[in-house]
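There are 2 protein chains.
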Amino acid sequence: MAVNIPPMQGLLVVPGVRLGAAYAGIKAATVGALGVPDQAASTDAPAPDTTVVLFDAGTTMAGVFTQNRFSAAPVQLCQELLGSTTVNAWLINSGNANAATGEAGKADARELQQALSEQIGGGAVMPFSTGVIGERLPVAAMRAALPACLAAATDDGWAAAARAIMTTDTVPKAVSVQGMVGQAKVTVTGMAKGSGMIRPDMATLLSYLCCDAQVPYPVLQRLCREVADASFNRLTVDGDTSTNDCFVIAATAKSTLVDDAQSPEYQQLKALLIEVATELAQRIVRDGEGATKFVTVSTEGAKSEADALAVSFTVAHSPLVKTALFASDPNWGRVCMAMGRAGVGFEQSDVAVYFDDLCVVRAGVVHEAYTEALGAAVLAQDEIKLRMVVGSGPASAEVWTSDFSYDYVRINAEYRS
Amino acid sequence: MAVNIPPMQGLLVVPGVRLGAAYAGIKAATVGALGVPDQAASTDAPAPDTTVVLFDAGTTMAGVFTQNRFSAAPVQLCQELLGSTTVNAWLINSGNANAATGEAGKADARELQQALSEQIGGGAVMPFSTGVIGERLPVAAMRAALPACLAAATDDGWAAAARAIMTTDTVPKAVSVQGMVGQAKVTVTGMAKGSGMIRPDMATLLSYLCCDAQVPYPVLQRLCREVADASFNRLTVDGDTSTNDCFVIAATAKSTLVDDAQSPEYQQLKALLIEVATELAQRIVRDGEGATKFVTVSTEGAKSEADALAVSFTVAHSPLVKTALFASDPNWGRVCMAMGRAGVGFEQSDVAVYFDDLCVVRAGVVHEAYTEALGAAVLAQDEIKLRMVVGSGPASAEVWTSDFSYDYVRINAEYRS
Numbered sequence: 049m050a051v052n053i054p055p056m057q058g059l060l061v062v063p064g065v066r067l068g069a070a071y072a073g074i075k076a077a078t079v080g081a082l083g084v085p086d087q088a089a090s091t092d093a094p095a096p097d098t099t100v101v102l103f104d105a106g107t108t109m110a111g112v113f114t115q116n117r118f119s120a121a122p123v124q125l126c127q128e129l130l131g132s133t134t135v136n137a138w139l140i141n142s143g144n145a146n147a148a149t150g151e152a153g154k155a156d157a158r159e160l161q162q163a164l165s166e167q168i169g170g171g172a173v174m175p176f177s178t179g180v181i182g183e184r185l186p187v188a189a190m191r192a193a194l195p196a197c198l199a200a201a202t203d204d205g206w207a208a209a210a211r212a213i214m215t216t217d218t219v220p221k222a223v224s225v226q227g228m229v230g231q232a233k234v235t236v237t238g239m240a241k242g243s244g245m246i247r248p249d250m251a252t253l254l255s256y257l258c259c260d261a262q263v264p265y266p267v268l269q270r271l272c273r274e275v276a277d278a279s280f281n282r283l284t285v286d287g288d289t290s291t292n293d294c295f296v297i298a299a300t301a302k303s304t305l306v307d308d309a310q311s312p313e314y315q316q317l318k319a320l321l322i323e324v325a326t327e328l329a330q331r332i333v334r335d336g337e338g339a340t341k342f343v344t345v346s347t348e349g350a351k352s353e354a355d356a357l358a359v360s361f362t363v364a365h366s367p368l369v370k371t372a373l374f375a376s377d378p379n380w381g382r383v384c385m386a387m388g389r390a391g392v393g394f395e396q397s398d399v400a401v402y403f404d405d406l407c408v409v410r411a412g413v414v415h416e417a418y419t420e421a422l423g424a425a426v427l428a429q430d431e432i433k434l435r436m437v438v439g440s441g442p443a444s445a446e447v448w449t450s451d452f453s454y455d456y457v458r459i460n461a462e463y464r465s
Numbered sequence: 049m050a051v052n053i054p055p056m057q058g059l060l061v062v063p064g065v066r067l068g069a070a071y072a073g074i075k076a077a078t079v080g081a082l083g084v085p086d087q088a089a090s091t092d093a094p095a096p097d098t099t100v101v102l103f104d105a106g107t108t109m110a111g112v113f114t115q116n117r118f119s120a121a122p123v124q125l126c127q128e129l130l131g132s133t134t135v136n137a138w139l140i141n142s143g144n145a146n147a148a149t150g151e152a153g154k155a156d157a158r159e160l161q162q163a164l165s166e167q168i169g170g171g172a173v174m175p176f177s178t179g180v181i182g183e184r185l186p187v188a189a190m191r192a193a194l195p196a197c198l199a200a201a202t203d204d205g206w207a208a209a210a211r212a213i214m215t216t217d218t219v220p221k222a223v224s225v226q227g228m229v230g231q232a233k234v235t236v237t238g239m240a241k242g243s244g245m246i247r248p249d250m251a252t253l254l255s256y257l258c259c260d261a262q263v264p265y266p267v268l269q270r271l272c273r274e275v276a277d278a279s280f281n282r283l284t285v286d287g288d289t290s291t292n293d294c295f296v297i298a299a300t301a302k303s304t305l306v307d308d309a310q311s312p313e314y315q316q317l318k319a320l321l322i323e324v325a326t327e328l329a330q331r332i333v334r335d336g337e338g339a340t341k342f343v344t345v346s347t348e349g350a351k352s353e354a355d356a357l358a359v360s361f362t363v364a365h366s367p368l369v370k371t372a373l374f375a376s377d378p379n380w381g382r383v384c385m386a387m388g389r390a391g392v393g394f395e396q397s398d399v400a401v402y403f404d405d406l407c408v409v410r411a412g413v414v415h416e417a418y419t420e421a422l423g424a425a426v427l428a429q430d431e432i433k434l435r436m437v438v439g440s441g442p443a444s445a446e447v448w449t450s451d452f453s454y455d456y457v458r459i460n461a462e463y464r465s
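So the sequence lines, in the order shown, correspond to chains V and B. Each residue of the first sequence is one higher than the last, beginning at 49 in the numbering used here. Each residue of the second sequence is one higher than the last, beginning at 49 in the numbering used here.
It cannot be assumed that every hint is accurate.
Identical copies go unnamed one by one, so any copy, or any two together, can satisfy a pair.
To be verified - Under the rule of at most 25 angstroms between Cα atoms (straight-line distance), these lysine to any residue pairs were calculated in the SDA-like manner: (1) K318 with E151; (2) K233 with F113; (3) K302 with G391; (4) K351 with S397; (5) K302 with P264; (6) K233 with Q429; (7) K433 with E420; (8) K318 with A200; (9) K154 with G391; (10) K433 with A354; (11) K351 with A200.
Honestly, the hints are just simulated from the structure, not real lab data.
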């Protein structure tokens with residue numbers, strides 16, 4: 049069902065980063081515990097579910113994490129490690145979210161942090177989990193898989209890792225770019241998983257960017273927030289924020305020093321990171337559960353960016369708009385309705401609505417040249433731009449979403465059958 | 049698809065109120081203009097679409113209206129009339145929302161206000177519309193139907209009116225109660241329509257309550273807000289707020305005087321009004337688009353009612369929770385996820401979740417006695433109580449919702465086929 053996602057290609061090594069994945073049987077251990085047959089067990093070569101990412105000394109890390117009050121145990125442990133200079137590994141598992149597991153869940157994650165740290169000769173480990181909520185991690189099985197992960201670790205392990213972190217993503221997602229930052233070339237490679245669902249789970253977004261610039265922690269953390277705001281914070285599939293969302297950036301200090309947020313180098317690096325993060329974020333939407341369309345929703349002429357975002361997100365979240373998009377129905381009345389309930393002040397007579405370049409609404413009423421046939425032709429595409437104008441203010445904001453299909457309901461309702 | 053809605057019965061006359069409905073061909077005129085065949089034209093006796101409600105002199109009116117910035121023309125005209133003592137009629141049409149129609153839409157509504165006023169010998173008319181957005185009202189056809197509406201007007205016209213205001217509601221909704229207010233019996237009869245959809249339209253909620261108490265405008269307006277907060281503001285089908293929502297109360301001054309918000313009479317009348325409004329609100333949810341379950345979502349132990357409402361509504365709006373409810377899947381992880389994203393501060397370790405009386409989550413983790421089979425048995429019912437505890441605060445709040453089914457997508461996506 050993925051909407052126009054290119055295959056992974058041209059993934060670039062980031063000096064100072066090695067990745068290795070192996071099969072620990074997490075899904076079998078977790079879902080098996082609920083009495084559901086393990087489908088992975090029937091395949092010959094079970095897909096890796098445990099990934100280790102190793103970093104050279106001197107690497108800095110930054111991250112932004114879910115605001116969900118039910119944040120998972122690994123999220124809480126990652127947050128504790130933010131700003132620590134000793135982190136030299138990530139441990140990522142799919143199949144079990146280690147969420148709503150209380151203190152026992154934290155102890156499980158700590159045990160695995162400790163086990164990996166011992167096997168790599170010390171340092172701190174950031175843990176990440178995605179999958180079933182409310183089930184304990186199969187610690188013994190995961191610990192037993194660590195040597196295989198380490199044996200597999202290689203600097204061109206990105207594609208394998210991008211596959212191993214998937215849950216019900218239909219395609220793996222990884223992207224690279226290179227560009228000059230100051231006097232040296234900098235490489236950024238990133239991977240993400242999202243829109244996955246394993247019983248009983250939810251869309252969970254994990255995204256990892258690595259670059260070889262040298263960026264001190266406070267600067268990298270600022271960069272991380274700014275990049276997230278321009279990329280992952282602009283997407284919505286169903287409006288449900290996961291307990292496990294993480295977006296982290298590692299900088300391996302092999303290339304240009306970027307230690308000043310006011311410098312041109314900062315802007316150059318930020319542009320590269322945003323390029324990768326935006327592409328990954330859009331691929332998450334394109335692989336959204338049941339998605340048949342990729343829709344860019346933008347608002348212009350707002351008084352503030354917050355207002356523009358509120359209008360864009362309200363329209364992008366509206367089930368009535370999303371079902372109309374699925375039906376290729378140019379239902380501009382629903383767009384006006386959703387704009388109107390965004391909690392943002394505007395005058396109806398200032399409103400314009402466009403489907404791609406087709407003006408549908410002008411001055412708050414249907415455009416005299418608009419016809420249903422013209423609207424339907426635009427909506428029939430699988431890539432649609434929905435553009436709204438709410439006044440003559442200076443601010444605008446764009447977000448990305450998918451439509452709402454039968455398959456969304458099926459994926460989230462009928463996976464037991 | 050309606051979930052356990054009893055037939056309309058025992059509707060009581062409210063002295064001072066007469067209702068009459070007739071067919072004006074609004075749907076034919078409106079949808080016909082879009083090139084879609086008029087299905088109503090093929091039936092022998094087309095269903096009435098235009099309703100007039102007439103009030104004896106001395107009646108007071110109060111109302112609360114959609115907050116949507118794209119509020120329809122009739123909503124704006126009703127708001128202008130709030131507090132006027134000259135209103136003696138309502139004119140309600142289904143099939144055309146007169147929304148996103150600009151100044152021309154207001155002029156259309158004013159022309160009909162004037163036409164009805166002339167035919168009833170003066171006074172002001174509150175207009176209400178529901179149906180297609182963005183199309184002009186068929187003014188001539190509606191004006192031509194007014195004499196038939198007036199000829200049909202009778203004090204036992206509630207059932208006919210409840211039918212005439214429907215759009216795609218599957219059943220009409222009207223309720224009566226009687227009770228003592230002070231020394232006299234007071235009658236409250238109300239009707240509502242909601243969850244309707246006519247191409248290209250959205251769920252629209254119109255609700256009308258009439259009582260024979262004597263209530264001055266400022267007191268009635270306060271009562272109206274309080275009753276709406278306890279009833280219609282507690283329901284959600286899909287989170288999309290219509291451009292046309294209205295909740296109005298008329299008091300015909302034939303029975304007890306209620307002129308003091310601190311009096312026992314005020315509380316007695318409020319209780320009767322809330323009883324009718326709550327029953328109508330719940331019937332709207334039960335008739336929600338594609339609904340297969342009626343779900344009561346409550347939050348307890350919150351610091352404030354606003355917090356409790358935020359948690360209840362976030363869970364009730366969550367597409368992941370709603371699809372799980374449709375699947376009878378006891379997916380308590382999704383409930384925790386949705387609670388966590390409500391923007392309300394709480395500790396995971398204080399959280400409990402119940403399906404009816406079954407404790408699923410205690411102290412933030414799954415209850416030791418909980419089993420999937422126990423959860424599934426509760427969720428298999430078509431009436432479910434989902435109860436959440438977030439701490440030991442004093443506040444609680446209950447809302448009502450439906451599940452999210454294939455039919456929701458079908459009704460909102462495929463009605464063209």
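The hints, checked one at a time:
Proximity of K318 to E151 under the C-alpha cut-off of 25 angstroms is found in neither arrangement, the shortest distances being 37 angstroms within a copy and 48 angstroms between copies. Taking identical chains as interchangeable, the C-alpha atoms of K233 and F113 are never at most 25 angstroms apart, the minima being 29 angstroms within one chain and 59 angstroms between chains. In the homo-oligomer, the alpha carbons of K302 and G391 never lie at most 25 angstroms apart, since the shortest distance is 47 angstroms inside one protomer and 40 angstroms across protomers. In this homomeric assembly, K351 and S397 come within 25 angstroms of each other (Cα to Cα) only inside a single copy, at 16 angstroms, whereas the closest approach across copies is 41 angstroms.
Proximity of K302 to P264 under the C-alpha cut-off of 25 angstroms is restricted to the intra-copy arrangement: shortest distance 13 angstroms within a copy versus 78 angstroms between copies. Neither within a single protomer nor between protomers do K233 and Q429 lie at most 25 angstroms apart by alpha-carbon distance, with minima of 38 angstroms and 62 angstroms respectively. Taking CA atoms no more than 25 angstroms apart as the test, K433 paired with E420 passes inside one copy only; the shortest distance there is 17 angstroms, against 43 angstroms between copies. Taking the closest pair of Cα atoms, K318 and A200 never come within 25 angstroms of each other, the shortest separation being 31 angstroms inside a single copy and 71 angstroms across copies.
Proximity of K154 to G391 under the C-alpha cut-off of 25 angstroms is restricted to the inter-copy arrangement: shortest distance 23 angstroms between copies versus 39 angstroms within a copy. In this assembly of identical chains, the alpha carbons of K433 and A354 lie at most 25 angstroms apart only when taken from the same copy (20 angstroms versus 36 angstroms across copies). In this assembly of identical chains, K351 and A200 lie within 25 angstroms of each other by CA distance neither inside one copy nor across copies; the values are 52 angstroms within and 51 angstroms between.
Violated hints, listed in ascending order, are 1, 2, 3, 6, 8, 11; each of the other numbered hints is respected by the structure.
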